[in-house]
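Going by my numbering, 351 is the number at position 351 of the sequence shown; the sequence numbering is gapless.
These are calculated hints, taken from the structure and not from any lab test. We put the CB at the ideal spot given by N, CA and C, even for glycine. Just to be clear, a hint being listed does not mean it is correct.
Below, simulated SDA-like cross-link-like pairs (lysine to any residue); rule was C-alpha separation at most 25 Å, straight line [what the hints assert, rightly or not]:
hint	residue 1	residue 2
1	24	62
2	306	290
3	471	55
4	55	95
5	24	445
6	473	164
7	180	191
8	471	431
9	386	400
Pair ranges (Cβ atoms, derived) [stated by the list, open to error]:
hint	residue 1	residue 2	range
10	209	430	38 to 46 Å
11	147	378	35 to 43 Å
12	247	130	58 to 66 Å
13	313	271	13 to 21 Å
14	336	388	41 to 49 Å
15	400	41	25 to 33 Å
16	429	275	54 to 62 Å
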Amino acid sequence: MSEINFPSDWVACSISDVAQVNPKKIDAEPDTISGFVPMALAPASFSDSLRYEEKHWKEIKKSYTNFQNGDVLFAKVTPCFENGKAAIVDGLPNGIGAGSSEFYVLRPHTPYFLPEILFALIKTQKFANDGAANMTGAVGLRRVPRAFVESFDAPMIPIAEQKVIAEKLGNLLAQVEATKARLENTLETLKQFRQSVLAAAVSGKLTETWRESALEYSGSDLSTEESLNTDKPKKAEVTSNHEIVVDSFPKEWKVSTFSKLYKFIDYRGKTPKKSDSGKRLYTAKNIKMGFISNDPVEYLSENDFKNWMTRGFSKLGDIFFVTEGHTMGCTAINTIGEDIALAQRTLTLQPYGNLSTKFHYYYMLTSAFQKLVELNATGSAAKGIKAAKFRSLPVPFPTYSEQKEITHRVETLFASANAIESQVNQALERVNNLTQSILAKAFRGELTEQWRKDNPELVSGENSAEALLEKIKAERAALKSLKKSRK
């Protein structure tokens, strides 16, 4: 919604004409139970309710922004403003509360301007875009100026029409949120489906029937596996936390370790000098669970690249693994068809011989393997798994034929899931655009166009927007006079 084109029978004014911005502190008894709202409890969704913690008024009244039922609050600081953190205040204990000093509070001057309309206005794309463009302050701590909020265009709408708009918005946007929730649940179901496929793959269940008829397990073709020193470990050789994966492997499979199957290319703990161009540099920030992100884009100069990459070069099909930090366990396969530089918290697993990495890549994506990594990690502030620990972790080793069959079946099932996910994401994108489309229609008067034609007496004369605005101005003037006479 680039511009708000109000209907001709509405009256254009500003937010300051219809509401106070950050009204004065609330006077209440110190021991009154009230609602405390830190920024984390402010909703971003249009239909989510404001959550709060119960506190005595004396604990929160001075250092925090005060508000009461019927107010509208929204975040003024980046990135919370851009994320749309805002709500109509309702249901607070004793009707009062306080919260983050990074909230703006809007309180309608009179009952003639509904908080639902004010809330809808600040949720428009126009308000979000213009607010972000007018922010002031240092990078990382920019705020929407009060002057911008007070001067932002607001429509004076006949009160009866406001009520109709509020009801229509409530119903329509609730439907949008319900549809969005269903689509997001579908995406979550697809995530669970992929994990179940991976679990079935590395436990042998995915190829159980195939294995029963396979010749390899009658002893016809084990020489290749034996050349890689794989073996079924004795019980005493398996540590207690290794059992969470080893016990799930079929009895026909052999078990090895990463150190026996992979060369480790380790650039952890080193930070190269970055350049504006040259060879792409990939670090733990680029390695996500199941894919390589192009963000951030960093480079190592051509000259530094030759001196830096002394521990080995990654090849297509190698496995990248993040060893520490909040993304510990993230695993991706190298699909980059060019020379790249590596650094910081990332191990590269390069297979010996002609070993296919796809099966072990899928193994490393399973929740069981991720749990195993967590159990073997150390540290508190930034947990990590040491290379020596990682090298000794158990690795399942079916015959190559079964690995190939497992990979084929996983990829087939994932392809189906990916196709569904693509359709769901497209639908979700359309649904996400619906909220702004509905808000735009509301403020163009399109939601109530027929209603205005059917009820001319409710939008004209003393019920007109113009008359309502004059009434608000008169009541405000009378209130100011009353306050002056009391002084």
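Each hint tested on the structure:
no.: 1; hint: 24 - 62; verdict: holds (11 Å)
no.: 2; hint: 306 - 290; verdict: violated (29 Å)
no.: 3; hint: 471 - 55; verdict: violated (38 Å)
no.: 4; hint: 55 - 95; verdict: holds (13 Å)
no.: 5; hint: 24 - 445; verdict: violated (33 Å)
no.: 6; hint: 473 - 164; verdict: holds (24 Å)
no.: 7; hint: 180 - 191; verdict: holds (17 Å)
no.: 8; hint: 471 - 431; verdict: violated (39 Å)
no.: 9; hint: 386 - 400; verdict: violated (29 Å)
no.: 10; hint: 209 - 430: 38 to 46 Å; verdict: holds (41 Å)
no.: 11; hint: 147 - 378: 35 to 43 Å; verdict: violated (53 Å)
no.: 12; hint: 247 - 130: 58 to 66 Å; verdict: holds (60 Å)
no.: 13; hint: 313 - 271: 13 to 21 Å; verdict: holds (19 Å)
no.: 14; hint: 336 - 388: 41 to 49 Å; verdict: violated (28 Å)
no.: 15; hint: 400 - 41: 25 to 33 Å; verdict: violated (54 Å)
no.: 16; hint: 429 - 275: 54 to 62 Å; verdict: violated (36 Å)
Hints 2, 3, 5, 8, 9, 11, 14, 15 and 16, counting from the list given before, are not met by this structure.
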